[in-house]
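S.K.: Read off the chains here:
Protein chains: 2
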Amino acid sequence: MKQSQLFTKTIKEIPKDETSFNAQILIRAGFVDKVGAGIYNFLPLGLRVLNKINNIVRDEMATISGQEVLMAALTPKEVWQTTDRWDNFDALFKLVGNDDKEYALGATHEEIVTPLAKKFLCSYKELPKSIYQIQVKFRNEPRAKAGLLRGREFFMKDMYSFHANQADLDQYYEEVKAAYFRIYARLGLEDLTYLTYSSGGAFSQFSHEFQTLTEAGEDHIYICSDCRVAVNREIIKEHNFCPVCQNKNLTEAKAIEVGNIFKLGTKFSKAFDMKYMDDNGQAQEVIMGCYGLGPSRIMGTVVEVFNDQRGIIWPESIAPFKIHLLSLKENEAANEIYLELIKNNIEVLFDDREEIAAGEKFADADLIGCPYRLVVSAKTLQAGGVEIKARPSDQMGIIPLNQIINKFSH
Amino acid sequence: MKQSQLFTKTIKEIPKDETSFNAQILIRAGFVDKVGAGIYNFLPLGLRVLNKINNIVRDEMATISGQEVLMAALTPKEVWQTTDRWDNFDALFKLVGNDDKEYALGATHEEIVTPLAKKFLCSYKELPKSIYQIQVKFRNEPRAKAGLLRGREFFMKDMYSFHANQADLDQYYEEVKAAYFRIYARLGLEDLTYLTYSSGGAFSQFSHEFQTLTEAGEDHIYICSDCRVAVNREIIKEHNFCPVCQNKNLTEAKAIEVGNIFKLGTKFSKAFDMKYMDDNGQAQEVIMGCYGLGPSRIMGTVVEVFNDQRGIIWPESIAPFKIHLLSLKENEAANEIYLELIKNNIEVLFDDREEIAAGEKFADADLIGCPYRLVVSAKTLQAGGVEIKARPSDQMGIIPLNQIINKFSH
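So the sequences go chain by chain: E and B. Residue numbers for the first sequence follow our numbering, so the first one is 1 and each next one is one higher. Residue numbers for the second sequence follow our numbering, so the first one is 1001 and each next one is one higher.
It should be emphasised that the hints constitute simulated quantities derived from the structure, not laboratory data. A hint or two may mislead.
Below, a list of computed lysine-lysine pairs in the DSS-like style, where the Cα atoms sit at most 25 Å apart [what the hints assert, rightly or not]:
#1 E:Lys119 <-> B:Lys1145
#2 E:Lys16 <-> B:Lys1077
#3 B:Lys1094 <-> E:Lys101
#4 B:Lys1389 <-> B:Lys1407
#5 B:Lys1034 <-> E:Lys94
#6 B:Lys1034 <-> E:Lys275
Just need the whole structure built from these sequences, with the hints factored in.
M.R.: Written as structure tokens, this is what we have:
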């Protein structure tokens, strides 16, 4: 993409109405735009990042047999009454249609997925199954001041699994746990992300959150350095020790919840009378699990974790472009490199803008944060190539023109 | 995908609460599920089709320099008041947040895109630009009885373009028209789809709809067979003739509006005071166009147009799978073919279900409507291969095992 054609441009001033770092810098760099508290437009650069996160999630859900669906956002009042959550679920947006029917905007989808799955999963032969969606969700948050970390409107991957018995759910739950860690590893968040024990509800002693350490986090977790797990605030009050090794020496830290998994048991299958026939022809209750992960919150988390005073430092796996190619008054030579990179399917943002000073181009490249900066100038061409610098590093070098493609091809 | 693993199964009964053919058959075949009037869940097969339509649209929007974004669905009351549409826009869903702020659910996005574009498009050098999104939209429809043709919640591609002058908009408008016809051609709808003259508003004599002929259509159009254009009901009342050739002999037909394009002029840029600096440093009003197209409505339209009494007949470009491979008690041989097809990136649904009779497998294949049916049975293997049949045809033949990949590779 040529930067001269890009819809957005960077913004120098810190947005006045935005207190969170992730939103401030994502707005300044042109990734998102604020519509209201907790409500953002995703702009071309931001949508590229979001789609890359979504595709990593899809990839890993496929490895655990997750089938993608897309459920309705308008959800009828009756299904929420069936589970007694119409008045009890925190932060439902409610509205009334022309037909005088009441709806909630989907904040989570147990109430939709259970009656849906009931239509198709009737026999033990049809279990287990697992379906997920990546969808815009709505929560009527009283405070939404953390940018992409807490939205009134945000993206969520929510998966639901259906099992014939507890052992099957337990096994699948462990597979999901492993898939989640593969996702965080691909996002560069693995080292900072802790499996965190949380309250489990009626059907399990614990559920699990995935918490990524950062000072911007709204949660507090308590880390056991022996086991490399943590517990959340709820659990620390009940058990003042690590649930794995009973170690009492836990370290408090601030963190962002980047995922959570939960054994629902029969809570929702009971409410919707979802049963299956076992191999003896007996009706049995279906056992469920649910597995959430927020792609837009993850985008905000990555920005909180990977940055310096000059801007964002995107992990290569979700960077809007792999390369930011800057032409310093050498558009002809730079354009040849640009076309060659495109021909080889290497993602590149080409700063071809003619009236922008070198200093401003460097500042933009640092703010936007693509992994590699290539600079084409009279000086670099004289030195036999293009200047190359990795985003977080200060080390520059010259790469010969004929080695560029090879360097960036997989 | 193995059909034994597929989340859905086909349904024999016609859903009682559904009067439209497209929804009846899409529900029976397992593409969608009804949540309420005009509200559907997209299931694995249906989401595959929807994504294919979306990707064709993305492809063609890229050829006319459209940049993809994703705007908020929660839109603040104030922006609708700015354009005087809070009380005047037909069918806005409205709701109140915890902060006592009022919102509309996005039914269209001029009120969001104009203040957004105003932040970035300030100089003649930054024009023209065109941005689009593919997004779930909400309309508080009083009647929603036409299945995917009229949703309370539905998918829309909405594009907005910004120009320095009318001539530039006029030229871009023609480019969009051509891109739309390329989309309909790729969907197999070209021959049935008419450029239809519609009322133009304050800034243009006409706007244009794209109307696809089918008895299921809720619109009436009046076709000039000389020019291959049509006019809609509004226009026939004003001008009782073809606006291109003045022919008065127009033929009435029922049709579905599968797209519409509109020259907005300065209506929204005036409302939001969006101006740009021209090359003399003078502030000028930005000229806008908007371009809608409904991927989920198109999915319903395709089903209304391409079907027979046995089921859906998907065009290859958007079929959920290219091939439906049926094993009649020959799972081992069929599985080898399945793996070979997958290895060659040929999309295949493999009916590997062991306790399902041949007749039911044939009926499912016809109902689901993949373009090619391959049957593996003792008989076909004895005849040296696999039975092949194109979905709409009754002609069957045997294709040798070693020619299958070649036949379906591009």
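S.K.: Next, verify each hint and record whether it holds.
M.R.: Hint-by-hint comparison with the structure:
Our distance criterion of 25 Å between C-alpha atoms is met by E:Lys119 and B:Lys1145, whose separation comes to about 22 Å. A C-alpha spacing of about 21 Å is found between E:Lys16 and B:Lys1077, which places the hinted pair at or below 25 Å, so the restraint holds. With a C-alpha separation of about 13 Å, the suggested pair B:Lys1094 and E:Lys101 falls inside the 25 Å cut-off, and the hint holds. With a CA separation close to 13 Å, the supplied pair B:Lys1389 and B:Lys1407 stays within the 25 Å bound.
Distance hint between B:Lys1034 and E:Lys94 is fulfilled; the C-alpha atoms sit about 20 Å from each other, no more than 25 Å. For the hint linking B:Lys1034 to E:Lys275, the alpha-carbon distance of about 21 Å falls within 25 Å, and the restraint holds.
Consistency note: the structure conflicts with none of the earlier hints.
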